Amino acid sequence: MMESETCKTDQKEFNSHSSTMPPAYGACEPIVERNLRDLSRSSSALDQNTPLIIRRRVTTYLIPKRYIFSAVCFTACCVAVSFNMNLSIAIVSMVKHDKSPLPGQAEKVSWGANIESVALGAVYYGQLVSFIPGGRMAELYGGKRMIIICTLISSLATLLLPITALWNAYAFIVMRIIVGVGTGPIIPIVFYMLSRWIPEHERGFHASFILSGYGIGSFLAVIVSGAMCGTTFLGGWPSVFYVGALSGILWCCLCAYFMYEIPDIHPRISEEEFFTIVSATGMNKKERIQSIPWKQMVLSVPLWALAIGFFGQFWLLGFFSTVHASYMGSVLHLPIAKNGILSCLPHLLRAFATCLASYPIDLLLKRQTVSVGFVRKGATVINTVVSCGAFIAITFVGHDVAATTVLFILGGVLGEFVTFGVCLAGVDIAPNLSGTVSGILNIVGVFPFFIIPALVGWMTHFQSTFEEWQKVFYTTVAIVSISTLIFVVFGDLKPQSWGVATTENTKSSCDRETEPKAVENLA
Numbered sequence: 001m002m003e004s005e006t007c008k009t010d011q012k013e014f015n016s017h018s019s020t021m022p023p024a025y026g027a028c029e030p031i032v033e034r035n036l037r038d039l040s041r042s043s044s045a046l047d048q049n050t051p052l053i054i055r056r057r058v059t060t061y062l063i064p065k066r067y068i069f070s071a072v073c074f075t076a077c078c079v080a081v082s083f084n085m086n087l088s089i090a091i092v093s094m095v096k097h098d099k100s101p102l103p104g105q106a107e108k109v110s111w112g113a114n115i116e117s118v119a120l121g122a123v124y125y126g127q128l129v130s131f132i133p134g135g136r137m138a139e140l141y142g143g144k145r146m147i148i149i150c151t152l153i154s155s156l157a158t159l160l161l162p163i164t165a166l167w168n169a170y171a172f173i174v175m176r177i178i179v180g181v182g183t184g185p186i187i188p189i190v191f192y193m194l195s196r197w198i199p200e201h202e203r204g205f206h207a208s209f210i211l212s213g214y215g216i217g218s219f220l221a222v223i224v225s226g227a228m229c230g231t232t233f234l235g236g237w238p239s240v241f242y243v244g245a246l247s248g249i250l251w252c253c254l255c256a257y258f259m260y261e262i263p264d265i266h267p268r269i270s271e272e273e274f275f276t277i278v279s280a281t282g283m284n285k286k287e288r289i290q291s292i293p294w295k296q297m298v299l300s301v302p303l304w305a306l307a308i309g310f311f312g313q314f315w316l317l318g319f320f321s322t323v324h325a326s327y328m329g330s331v332l333h334l335p336i337a338k339n340g341i342l343s344c345l346p347h348l349l350r351a352f353a354t355c356l357a358s359y360p361i362d363l364l365l366k367r368q369t370v371s372v373g374f375v376r377k378g379a380t381v382i383n384t385v386v387s388c389g390a391f392i393a394i395t396f397v398g399h400d401v402a403a404t405t406v407l408f409i410l411g412g413v414l415g416e417f418v419t420f421g422v423c424l425a426g427v428d429i430a431p432n433l434s435g436t437v438s439g440i441l442n443i444v445g446v447f448p449f450f451i452i453p454a455l456v457g458w459m460t461h462f463q464s465t466f467e468e469w470q471k472v473f474y475t476t477v478a479i480v481s482i483s484t485l486i487f488v489v490f491g492d493l494k495p496q497s498w499g500v501a502t503t504e505n506t507k508s509s510c511d512r513e514t515e516p517k518a519v520e521n522l523a
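Count the sequence shown with full-length UniProt numbering and you get residues 1 to 523, in order.
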């Protein structure tokens, strides 16, 4: 009887503030009234429009759930980049050149140079067509659901690669395109969910940690794939794809258990962490824009400025990913083994450097010492000045291997400042369309990966001379500098009207079973 009367009292107090509770939370929930009232008074972000979930008890957990979210996203990036890169390692062992397969290894395939190049690039064509649809579907149907589906698609396609390689080269290429269709939306989906889970003043660290999965994943993919190709395990080179597919399927199980769409529906999140996230992200992150405002986006000067800045920053990344190793090998004549290690160093070191740099940057934002726009533009300028300075210096050191290596590492390490700059800017200007905007920006960012190799071949006349490569360095400096200038002058990092949810263009992004009701006027 006493418990029943207490429940009735709590229910009356709750009904005075809100509508009925959803069934998932029970018909009669005890109210942590004092905690909610204190929080609403101390945080200006918690007004009558901010959703607050009434929970059974205040619980403290050892690991904050937003850090678990970031860890799951980090491993997603590792898996995705391994799918993209495993063929570049395995193709050396799987294609028949002069050597016959070792005893216990799978049969090799007879492909021409054209088929090899198309197969290697097929994954990027798949990514091109999936960036925007993947980000948009995350906004409409949920990020967790879509990231699992995309990873599962890539895993199953990777599983079929050894079979299709031995059967038909064109079927293999189709499978590689499907792999790209699955890996392409990973970043747009991650950045969409980042806007829901991570407070603004912590996004620098979490984004840099998540994206470091690409650098660390690339390094591990090269080491592990190379080692497996030299064994007889599962036939040698096929094991690269079988083990990769298995890791993707296991990751899907990991994600299904540990990741939740929004903090509101996480059953094990503490009250303190929940209100930390809600007070920083606000209600608008839980709304979705039903129809994409294409006209407003096309006419948006800040979006154009951001896209141009994005292109310039990813031109730098494209250089290190496509032709950096070629310069070190053909111009400086480094041995293959040494070239491989030195080519991986910028990717690996910048993963750690950005995680270290993210703390002071996030601290500045938390203390409101500087604005978000200042941080985004400042990080972009720092990356541009250091990287372009390194490229110009390389034109003066000539064939000095040690000096060139140091300068490349310097430019590559700070290159990850792109995370604090243009990468997070899409979330800033369009919090409710971050998946779509991130997809658009990733399409812009992938073009340098196609353009740079062709441009280098045309500018150097396919000759490996230092004098010809100087033109490549100066062109890179010009493109990156001009794009950064446009971004700094015309970029506006404030939320744009077309990217913010309103009552006219939104609908709750969660299902009725999972979207809790708001508690209004708690103070």
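In case anyone wonders, no lab produced these hints; they're calculated from the structure.
Keep in mind the model is a prediction, meaning the values are calculated, not measured.
It cannot be assumed that every hint is accurate.
Said to hold, decoys possible - Cβ-Cβ distance ranges computed for the label pairs, FRET-style:
(1) Phe450 to Lys471: 41 to 49 angstroms
(2) Lys494 to Ala227: 43 to 51 angstroms
(3) Phe490 to Leu220: 34 to 42 angstroms
(4) Pro495 to Thr369: 49 to 57 angstroms
We treat Cβ as the ideally placed atom computed from N, Cα and C, and that holds for glycine.
Cross-check of the supplied hints:
1. Phe450 to Lys471: 41 to 49 angstroms: violated (19 angstroms)
2. Lys494 to Ala227: 43 to 51 angstroms: holds (49 angstroms)
3. Phe490 to Leu220: 34 to 42 angstroms: Since the Cβ atoms of Phe490 and Leu220 sit about 40 angstroms apart, the hinted range of 34 to 42 angstroms holds.
4. Pro495 to Thr369: 49 to 57 angstroms: violated (21 angstroms)
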